[in-house]
Amino acid sequence: DTEVTQTPKHLVMGMTNKKSLKCEQHMGHRAMYWYKQKAKKPPELMFVYSYEKLSINESVPSRFSPECPNSSLLNLHLHALQPEDSALYLCASSQVGGGRPETQYFGPGTRLLVL
Amino acid sequence: KNQVEQSPQSLIILEGKNCTLQCNYTVSPFSNLRWYKQDTGRGPVSLTIMTFSENTKSNGRYTATLDADTKQSSLHITASQLSDSASYICVVWGTGTASKLTFGTGTRLQVTL
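Protein sequences appear in the order of chains A and B.
As numbered in my numbering, residues 101 to 215 make up the first sequence, in order.
As numbered in my numbering, residues 490 to 602 make up the second sequence, in order.
Keep in mind that the hints are not guaranteed to be accurate.
Claimed, not checked - So the derived list for chain A, only partly shown, Cβ under 7 Å to chain B, looks like this: (1) 142; (2) 143; (3) 149; (4) 186; (5) 190; (6) 207; (7) 208; (8) 209.
Unchecked claim - Computed beta-carbon distance windows for the label pairs: (9) A/213 <-> B/572: 21 to 31 Å; (10) B/530 <-> A/115: 21 to 31 Å; (11) B/584 <-> A/114: 37 to 47 Å; (12) B/498 <-> A/126: 33 to 43 Å; (13) B/599 <-> A/211: 16 to 26 Å; (14) B/547 <-> A/179: 40 to 50 Å; (15) B/557 <-> A/211: 31 to 41 Å; (16) A/126 <-> B/601: 36 to 46 Å; (17) A/110 <-> B/499: 20 to 30 Å; (18) B/534 <-> A/138: 15 to 25 Å; (19) A/202 <-> B/491: 13 to 23 Å; (20) A/154 <-> B/584: 16 to 26 Å.
Just so you know, these hints were derived from the structure itself, not from any lab.
From the three backbone atoms N, C-alpha and C, an ideal C-beta is built for every residue, glycine too.
Produce the complete structure using the sequences and hints provided.
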């Protein structure tokens with residue numbers, strides 16, 4: 101199974117709502133990532149978890165709150181978002197490097213629209 | 490500043506033709522370079538990963554080259570198919586202080602009949 105799944109596929113939310121994005125992989129990967137991608141732009145790294153611990157936070161606003169409850173799951177909790185947060189949110193996973201480059205496997209993304 | 494620049498921004502070719510996409514980077518120290526294919530509204534899919542010592546790597550009709558001296562890479566697509574229509578993203582992973590993925594802005598390829 102080389103698949104990363106993400107739910108929901110689409111999400112529309114108001115600025116006062118609280119919602120969560122979910123990501124799951126069963127490849128035994130111990131590194132998981134959240135990216136944000138605006139239209140016609142490359143993905144921007146938001147967070148990296150390594151062995152279920154947050155290792156990188158790219159100065160993301162606190163209205164985005166990641167959570168890694170176990171080695172297969174990664175959540176992104178959303179609260180009080182702004183319209184400019186509308187984007188495609190991508191989850192990825194990989195083996196943890198050990199000096200060797202590791203392929204990141206991306207999920208299909210959640211397309212988020214904030215009204 | 491670590492940057493990855495791709496050219497052309499967009500490209501339209503006829504089915505069956507070959508094409509070459511370019512990637513120039515300034516990321517240093519360099520670890521590896523990756524090419525991804527991203528269909529519209531989908532997540533990127535890895536095509537190749539190349540380390541400092543690798544000059545060429547193939548994956549079916551896709552062939553990537555790397556010149557670490559000039560900090561340039563290319564992705565050559567042979568006998569293009571309609572399904573090759575997508576964005577192709579060059580991603581460079583640095584080491585040390587540059588230890589993160591730096592994404593290029595991508596080349597949007599359209600293959601037509």
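Comparing the hints with the structure gives:
1. 142: holds, 4 Å
2. 143: holds, 6 Å
3. 149: violated, 15 Å
4. 186: violated, 14 Å
5. 190: Constraint on residue 190 of chain A satisfied, holds at 5 Å.
6. 207: Result: holds, 5 Å to nearest chain B Cβ.
7. 208: Because about 5 Å separates residue 208 of chain A from the closest Cβ in chain B, which is inside the 7 Å limit, the hint holds.
8. 209: With a minimum Cβ separation of about 5 Å from chain B (threshold 7 Å), the hint on residue 209 of chain A holds.
9. A/213 <-> B/572: 21 to 31 Å: holds, 28 Å
10. B/530 <-> A/115: 21 to 31 Å: holds, 24 Å
11. B/584 <-> A/114: 37 to 47 Å: holds, 43 Å
12. B/498 <-> A/126: 33 to 43 Å: holds, 37 Å
13. B/599 <-> A/211: 16 to 26 Å: With Cβ atoms ~22 Å apart, the hint holds.
14. B/547 <-> A/179: 40 to 50 Å: holds, 46 Å
15. B/557 <-> A/211: 31 to 41 Å: Holds, at about 37 Å.
16. A/126 <-> B/601: 36 to 46 Å: holds, 39 Å
17. A/110 <-> B/499: 20 to 30 Å: holds, 26 Å
18. B/534 <-> A/138: 15 to 25 Å: holds, 20 Å
19. A/202 <-> B/491: 13 to 23 Å: Check passed, 19 Å falls within 13 to 23 Å.
20. A/154 <-> B/584: 16 to 26 Å: holds, 21 Å
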